[in-house]
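**Student:** As a plain string of letters, each chain reads:
2 protein chains.
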Amino acid sequence: MWILRLNMADRTYRLEEAPAAYTRLGGRGMTSTLVYDEVDPQCHPLGPNNKLVFAPGIVTGTTAPSSARISAGAKSPLTGGIKESNAGTSWAQHLAAMRIKALVVEGQPAEQGHYWLAYLTWDVPAARPKVEFFPADEYAGRDLYQVFPEVYKRFGAKVAVAACGLAAEHGYGNAGIAFNDRKDAPTRYSGRGGLGAVMASKGLKFIVSDNAGAPGVEVANKALFDQGRKKLAEAIREHAITKPQGGLNSYGTAVLINILNEAGGLPTRNFSSGRFEGAARIAGESIFEGNKQRLGKELYNHACSPGCIIQCSNTWHAADGSEIASCIEYESDWALGANLGIDSLDDIAEMVRLCNAYGLDTIETGATLGVAMQAGVVAFGDAKGAIGLIHEMGRGTPMGRILGGGTGLAGKALGVTRVPEVKGQGMPAYEPRAVKGIGITYATTTMGADHTAGYTIAPEILGVSGKLDALTPEGKAALSRAFQATTAFIDSTGHCLFIAFPILDIASGFEGMVEEVNGVLGTSWTGDDVPRLGGEILKKERAFNEAAGIGKAQDRMPEFMRYEPLPPHNQVFDVPDSALDSVFGEL
Amino acid sequence: MWILRLNMADRTYRLEEAPAAYTRLGGRGMTSTLVYDEVDPQCHPLGPNNKLVFAPGIVTGTTAPSSARISAGAKSPLTGGIKESNAGTSWAQHLAAMRIKALVVEGQPAEQGHYWLAYLTWDVPAARPKVEFFPADEYAGRDLYQVFPEVYKRFGAKVAVAACGLAAEHGYGNAGIAFNDRKDAPTRYSGRGGLGAVMASKGLKFIVSDNAGAPGVEVANKALFDQGRKKLAEAIREHAITKPQGGLNSYGTAVLINILNEAGGLPTRNFSSGRFEGAARIAGESIFEGNKQRLGKELYNHACSPGCIIQCSNTWHAADGSEIASCIEYESDWALGANLGIDSLDDIAEMVRLCNAYGLDTIETGATLGVAMQAGVVAFGDAKGAIGLIHEMGRGTPMGRILGGGTGLAGKALGVTRVPEVKGQGMPAYEPRAVKGIGITYATTTMGADHTAGYTIAPEILGVSGKLDALTPEGKAALSRAFQATTAFIDSTGHCLFIAFPILDIASGFEGMVEEVNGVLGTSWTGDDVPRLGGEILKKERAFNEAAGIGKAQDRMPEFMRYEPLPPHNQVFDVPDSALDSVFGEL
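Just so you know, the protein sequences line up as chains A and B, in that order. The first sequence maps to residues 4 to 590 in my numbering. The second sequence maps to residues 4 to 590 in my numbering.
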């Protein structure tokens, strides 16, 4: 297994045998460990000493279902702490097939403002990966929907692509890394935390991979792996949320809009209410029905990457049947819809398309625009105004820079006190005052406000692995801790986090995941090892953050949530600090 | 002694007897203690739960020389930590004469965007202070040079004034509190840390004071006080820096321009060099000579407030003899001059005037503009461009908001890595790579980058209290600690920090300061108590900051100073973290 280092100071690369200590790491475990081991927590995120690390998961590149996740990690320009953001894309499978344990982008050109493309292939005679660098200024300053096809045309239809967009070139805290979807479009994202800006700060615009001739993933115990794979695949196909033509495959993640609205936990108009009167019009069911009407047939969702059997990626089509954008995730739909008081799917889809075009994270964009609307920059509900602001972000105007800096920065620059963020990162689509456990996750995860870090929504709202009262803080610290630790493990396997639904409810699914991992690595971990192994990753992330100046005092909700009661439940965020501190205190 | 509380939620006030625990506090000791005791470190600086506290020093309002300092304190919108910023103004003496130990501005109107004026007088029959509130929207959105005379016209020539400007109305981290100078002009500032924005967030535009009939300061032991006062006054009149027609009285604080340039420690063009080729043209000597030429006579400086015998406040006059601005402090001269590559005193004076007009801190403004020039917003040396940007700050355009947010925020919004700030606050006029002790103060003070918090320049550059090698880090942590603790005490007495020069060099001057304080309070403190008492204040400030999320990891220099050698000495900031940590570790 290789550690592949791209040195952007002089556009050279180096291949190293992965050290023994990294043998059992993958995905988030790998990126967070390498960042912890090699990056000075005090470094400037856009300076020469930050490193951007990509790692496929442990089972990525195998036939394990829904496992084409790439983990990206670095010191975050948005939070100032460690960042891990993962995405589903064939690019992950390419790296895994070339046996690249981690791809590390380091150094920085002496002069800023020029860009390169790294072309990663398998050198068959030498039996190792190979990198060529090409000037890429021609792709800079442009819409990613335009340049992706050019790159595919140049390097062939079978390549996979990681890229950063205009937002990254501007150095925004809100700048994601775009990956290819099933098509030559920039529609899969490691969106959160500004990792695109780290990539651009190194003068790296694209990493194009072609895995032709690559040996593929080495599997230590094929029989065990196959046994696990089957168990997990069966569980996925069985569970109501993940099964074919089930919730996610039919309605996409936006199936959650009506559910959260019903629960009073759908943040509306910059977190001033938990209910949106336009919720039904933007819900996943409306996407399904709208597409059916416009296309004249039922459209089920597609896989973001080969081998995914959940297939939750949707598209939204214009009246003429042409595709406006993919994917209208629940998070994007909420962020650019309910959170802005906008109830038109056409407008929301246009904003999603613009975020993809410019390389912006949709969640951060929506949370930031909510703050801008709070400040009166444009009015709530003004879709044209919101679209104009996203264009300003793309162009890098002063207002675009304020918004590109993310929710926390925009709140400061615009003098707003109702700023829904933790550690500078904007909050996702679940209201902490209405769903207390997810608030604990937002507050305490190393990532800044992040729902995926410990998705307690499963038991608090969805009835997965039991059903808890969303409004009570009781027991939720322990719940968040357990979810955060398990998630860190799942994020390391390379599976999509959506396997959590079946593995939480179906014991054999959980066994299957562990057996897959043991099959690949030759380990003999049990289910009990899962939270322990996840916890070790969290400890490293936490240690990095503490050295970067992010400790307990940053594991807090914004003050307004402690004194502004949220309709319809009229609750404040009443989780005591001691409960927040116990999440990591007892890890 | 009174604690006077203005509740801006309903424009009422309350007088309380100062609690016994506050009896011996004044100035910074009083403001920092009250903020520590009453403000939630996790509150939003511009929200309803922050408090803005004003306190005159212990000897303020007496005949003690150079003692008309007002301390202002709150949670800072710039640093997110505790903030104390003091200024010399007769307004301090008014509060002291009315026996107001602390004036606390708390609460917040339900609706933002309206302003009030608090009119503070002495109610002779009731023998206590009295407050009336008047609507003040007519003064909002305007140049403070225009509204100060209107306020004086309305309330009489003898009033004193505290005010906030347009910068504060915009909610900027760079928004000072302006006080009257000898004239009805907004030219004395509690500039640093955004306290003006806290004032404006509470809907408070002016506090106008009239101390007619007030009883004056109670002095416990008049003989001892007089003895101390004489000793201190003699020392001030004797020391080369503070004596009449000495360094400060002749050339103002800008006498330091040539000295720091010579030492290679004058930060130039956004901290890219320690030498400025235009230094001589903007030096204090040039101000003196320029005024002489334009006025046809030698002009010595004036006192910022009654009773100051140092009299360091200068003015700069246009070719026709009219005054452009006061005061061209060393810090302002540097920030808006050398730091921007600008060598015209007329341009610098115009920028100082604009900062006063809009209510901006000159240091933060210059440090921020340096970052904007680094980003290429305008070129280094482009005075017209810089002036235009200050106007944008006044108008609150998007670019103005980026810059108004201060050095740290602007660095993030503009994607710059060479950002000279600590805890978000822009660095003052001494290069840490050329003067290591002051760098330790910048890094470790509770205030964010601040030279006044522990002015080690005295021994490192000026030969006051010995002469040390500026370039060596050896012994500087202990030096900074001693200066920081002593400074916290001086900031509590109400004396101008410039008494530090004579009291460091002349033992009887130091004795005099302590005797003055003992005379007022009836205490029997000795010189040995000074660092202990100062240290107690620092400990409270430190505890507040830790609870606000600002700890050891924030006591650091920006990364670029650790890898970019600074001409002409070509040194990096080589103070080890352990030395930085020892400053507070051994307090």
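Since the hints were derived computationally from the structure, they do not count as laboratory data. Treat the hints loosely; a few may be bogus.
Said to hold, decoys possible - To give an idea of the chain A side of the interface with chain B (calculated C-beta under 7 angstroms), a few residues:
1. Gln-45
2. His-47
3. Leu-49
4. Gly-50
5. Gly-174
6. Gly-399
7. Arg-404
8. Leu-412
9. Leu-465
10. Gly-466
11. Ser-468
12. Lys-470
13. Leu-524
14. Ala-556
15. Arg-559
16. Glu-562
Claimed, not checked - In silico lysine to aspartate or glutamate, EDC-like type, Cα no more than 20 angstroms apart, as pairs:
17. A:Lys-555 to B:Asp-43
18. A:Lys-555 to B:Asp-126
19. B:Lys-161 to B:Asp-126
20. B:Lys-555 to A:Glu-221
Here a beta-carbon is modelled for each residue, glycine too, at the ideal position from N, C-alpha and C.
**Student:** All hints, please: hold or fail.
**Tutor:** Going down the list of hints, with the structure as the test:
1. Gln-45: 6 angstroms, holds
2. His-47: This interface hint holds because 5 angstroms falls under the 7 angstroms limit.
3. Leu-49: 5 angstroms, holds
4. Gly-50: 5 angstroms, holds
5. Gly-174: Interface hint status for Gly-174 of chain A: holds (2 angstroms vs cutoff 7 angstroms).
6. Gly-399: Violated. Min distance 9 angstroms.
7. Arg-404: Holds. Min distance 5 angstroms.
8. Leu-412: Where the cut-off is 7 angstroms and the nearest Cβ of chain B is about 6 angstroms from Leu-412 of chain A, the hint holds.
9. Leu-465: 31 angstroms, violated
10. Gly-466: 34 angstroms, violated
11. Ser-468: Since the shortest Cβ distance to chain B is 32 angstroms, the answer is violated.
12. Lys-470: With a minimum Cβ separation of about 32 angstroms from chain B (threshold 7 angstroms), the hint on Lys-470 of chain A is violated.
13. Leu-524: 35 angstroms, violated
14. Ala-556: This hint holds: Ala-556 of chain A lies near chain B, its Cβ roughly 3 angstroms from the closest one there, short of 7 angstroms.
15. Arg-559: Holds, because the Cβ-Cβ distance from Arg-559 of chain A to chain B comes to roughly 6 angstroms (cut-off 7 angstroms).
16. Glu-562: Since chain B brings a Cβ to about 5 angstroms from Glu-562 of chain A, closer than 7 angstroms, the hint holds.
17. A:Lys-555 to B:Asp-43: 15 angstroms, holds
18. A:Lys-555 to B:Asp-126: Roughly 48 angstroms separates the two Cα atoms, so the pair is violated.
19. B:Lys-161 to B:Asp-126: It holds: about 16 angstroms lies between the C-alpha atoms, which stays within 20 angstroms.
20. B:Lys-555 to A:Glu-221: Violated, at roughly 45 angstroms.
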